[in-house]
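Going down the list, the sequences are from chains A and B.
The opening position of the first sequence corresponds to residue 1 in the numbering used here, with each subsequent residue numbered one higher.
The opening position of the second sequence corresponds to residue 1001 in the numbering used here, with each subsequent residue numbered one higher.
Where hints are given, some of them may not hold.
[Claimed, not checked] Just a sample of chain A residues kept apart from chain B, beta carbon distances all over 12 angstroms, derived:
| # | residue |
| --- | --- |
| 1 | Val123 |
| 2 | Gly129 |
| 3 | Phe261 |
[To be verified] Cross-link-like lysine to aspartate or glutamate pairs, in silico, EDC-like; alpha carbons within 20 angstroms at most:
| # | chain 1 | residue 1 | chain 2 | residue 2 |
| --- | --- | --- | --- | --- |
| 4 | A | Lys221 | A | Asp53 |
| 5 | A | Lys125 | B | Glu1107 |
| 6 | B | Lys1043 | B | Asp1206 |
| 7 | A | Lys178 | A | Asp133 |
| 8 | A | Lys79 | A | Asp206 |
| 9 | B | Lys1062 | B | Glu1048 |
| 10 | A | Lys178 | A | Asp193 |
| 11 | A | Lys125 | B | Asp1171 |
| 12 | A | Lys79 | B | Asp1171 |
The hints are simulated quantities; they were obtained by calculation from the structure and are not laboratory data.
Keep in mind that this is a model prediction, so the values were computed, not measured.
Each residue gets a CB set at the ideal place from its N, CA and C atoms; glycine is no exception.
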Amino acid sequence: MRSWAALLVVVPLLVVVAESPMARATPAAPIDVPACPNGSASPNAAVLIARIDRLLRGRSLVGTLTMSVTTPAWQRTLKFKVWSRGEDLALIRVLEGGPREIGMLTLKRDRQMWNWLPQAGRVMKLPAGMLGDAWMGSDFTNDDLVRGSSWTADFVAALSDAREPGGQELWRVVLTPKPSAVVVWGRIDMLVDARTCQPLAQLFYDEDFALVRRIDLSEIKRVGWREFPSKMTVTPSEPGRSTTLTYDDVAFDADIPDETFSLQRLRQGR
Amino acid sequence: MLLAMAWRNLWRNTRRTIITVMALTLGVAAVVTIHSYRESVFKQMIHEITVGLIGHAQVHAKGYQADPEIGRVVVDPLTVEARLRTALPGAALERRVMGYGLAGVGEASSAALVLGIEPALTPGVRPLVTITRGRALGAHAAQEAVLGRELAVQLDAVPGASLVLVGQAADGSVANDRYIVVGIGDAGSAELNGNAVFLNLTDAQDFFALGAGAHQIIVRLPTSDEDLSTPLATVRAALDLATLEVLAWSEILPELQATMAEKRRYQRVLDLVVILIVGLGVLNAMTMSTFERTREFGVLASLGTRRRRIVGLVVIEALLQGALGCVAGVLLALGLLYALGSLRLGGLSEQDMLGVQLPAVVDVALHPAALVNAVVTALATVLAGGLWPAIRAARHAPAEATRYV
């Protein structure tokens, strides 16, 4: 469920950016990355989505992120470091946050998730039933972190009205879940910049096609051949709530040792 | 003299009188028993609710009942309690914290309802959880926990085990801490037994970062009345309703209240059907009896007996049968209720009725309203059943009636 937040948040977060934000020359994109069809009046939606999918996924990622959560009752900021490899392995360490949270670790291995709780001094596995709960009080769910599915695998893409009215030239790509896909969304609309092919926003609709969550992507950064949105703002339908996630620094495709994702090591709080 | 005649007349056809009285007896017994048993179960359930988890009423931060968000607390519960004590001197008060989290022992973990309670309860107030292993929470916060018995099984926890709790605190941070399981117990409902973790109030306030705040102030009143409108009005007048809400148990469990009202409505229909069947039987018997005695009434009239006295005679016969039926019916109901009260309804009582555990042994008592209902309806039925044949009997012309065979 909500795997799209996962892609937009966690994927850039867990998968993408690898060199340094201060990339030297602009390396060419690998040949398997589809070119941006920005000359076309109505591009092939599947190609567009495949390109975005490829842009946002890398072999590994190490990054530091800042997350700000605003609710009607409180506002808070957390800083954490992320290591991730492929779709199945990720580790998150809270660097700054509440006094009971600093040092908290979240380990994701395949579809399972464990937390090291610094105050309790214990590791706790997250039961499957709680994957839908909020992660660290944010508008992301645990499931957003755990899921690693691909847009092209679970959804059928179609280009809706080729141009959005007003301002920026946009494409609206409508993603409809394939009958076999296990997703909670009835539909996802992706707004794509028609000049750069960068995803700008995603609108998540439930099974009754009511808008339940919007993710805006902004502040494009170039890392190596990739250009990716380094800021994500999640606005759920609940009024007064939002979560913003920004990359402070990121590195893509670095070698991360296996033991980083070891449960044994997590149990020692490292 | 009429009474003596009526009494003698009753036993002129013993079999018919006994059948009529028996029909009435069974009808009255059925109505009184079912009505009283149901009311006794309701009374006990309300008792369970009011002395248990819910209380007679609760004070919350405004909007908590509709949206029980973790940060929505009564900020200064001690001041609210002081006001409540002044307004309702006899009431017992208890602060409570309630939030959701994840409980883990060793490798096992399960979703949990974390309940912060005041273990140093007022004497006479029944504890929320009946300890079956280990001990109850200490009077002061010491990182201790008591688990509902099913949750303990699920987590494979025994007294002495280390329990980890994780949840979301009111400030949005990740609440996480470790506690020692000191006891395991029966929390009074299947739901609570399956997910409740009891902590000392202060430990729970720290865990959820609530400061001195509490989610609920439980108000227990020295009354067993179902209607709480007067004490509620007193409580509401004493508190600032711009920031607080005051709810009776029936507003906290509206489904239960609705179910009870519905069952009572069904009961009234059932009472009516039973009494109607009995009434038709009595009517039949009385009509037959007066029909057979047309000649006798004719003779009485020829001897100068007034019509009114003839009607009176038949009516008294009916009422006598009604009275006999009522007395026997109530006696039978008492016997049945006594038998029901001594039954341990073990299998049945494992069930909940909308989250409230049905009592294992129902403390059954004759319900006065049931008694009054049954007796009044039974007498009215026999009276109606007797009156028509009586008037009919008195209307016969004496000469014609005496020729009647």
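Do the hints match the structure? See the list:
1. Not every CB of chain B is more than 12 angstroms from the CB of Val123 of chain A (nearest about 9 angstroms), against its label as outside the interface.
2. Look at Gly129 of chain A: its CB is around 6 angstroms from the nearest CB on chain B, not clear of 12 angstroms, so calling it non-interface is violated.
3. Distance to chain B confirms Phe261 of chain A as a non-interface residue, since its nearest Cβ pair spans about 19 angstroms, more than 12 angstroms.
4. In summary, the hint linking Lys221 of chain A to Asp53 of chain A is supported, as the alpha carbons are separated by about 17 angstroms, within the 20 angstroms threshold.
5. A hinted pair counts as satisfied when its Cα atoms are at most 20 angstroms apart, and Lys125 of chain A with Glu1107 of chain B qualifies at roughly 7 angstroms.
6. Between Lys1043 of chain B and Asp1206 of chain B the CA atoms are separated by roughly 37 angstroms; this puts the pair beyond 20 angstroms, and the hint is violated.
7. Annotation: proposed proximity of Lys178 of chain A to Asp133 of chain A is violated, straight-line Cα distance about 25 angstroms (limit 20 angstroms).
8. For a cut-off of 20 angstroms, the pair hint linking Lys79 of chain A to Asp206 of chain A is broken: about 31 angstroms separates their Cα positions.
9. The hinted pair formed by Lys1062 of chain B and Glu1048 of chain B fails the criterion: a straight-line CA distance of about 26 angstroms is larger than 20 angstroms.
10. Of the supplied pair hints, the one linking Lys178 of chain A and Asp193 of chain A is violated, its CA atoms being roughly 25 angstroms apart against a limit of 20 angstroms.
11. For the suggested pair Lys125 of chain A and Asp1171 of chain B, the alpha carbons sit about 23 angstroms apart, so the restraint of at most 20 angstroms is broken.
12. For the suggested pair Lys79 of chain A and Asp1171 of chain B, the alpha carbons sit about 16 angstroms apart, so the restraint of at most 20 angstroms is met.
The structure is inconsistent with the numbered hints 1, 2, 6, 7, 8, 9, 10 and 11, although it conforms to all the rest.
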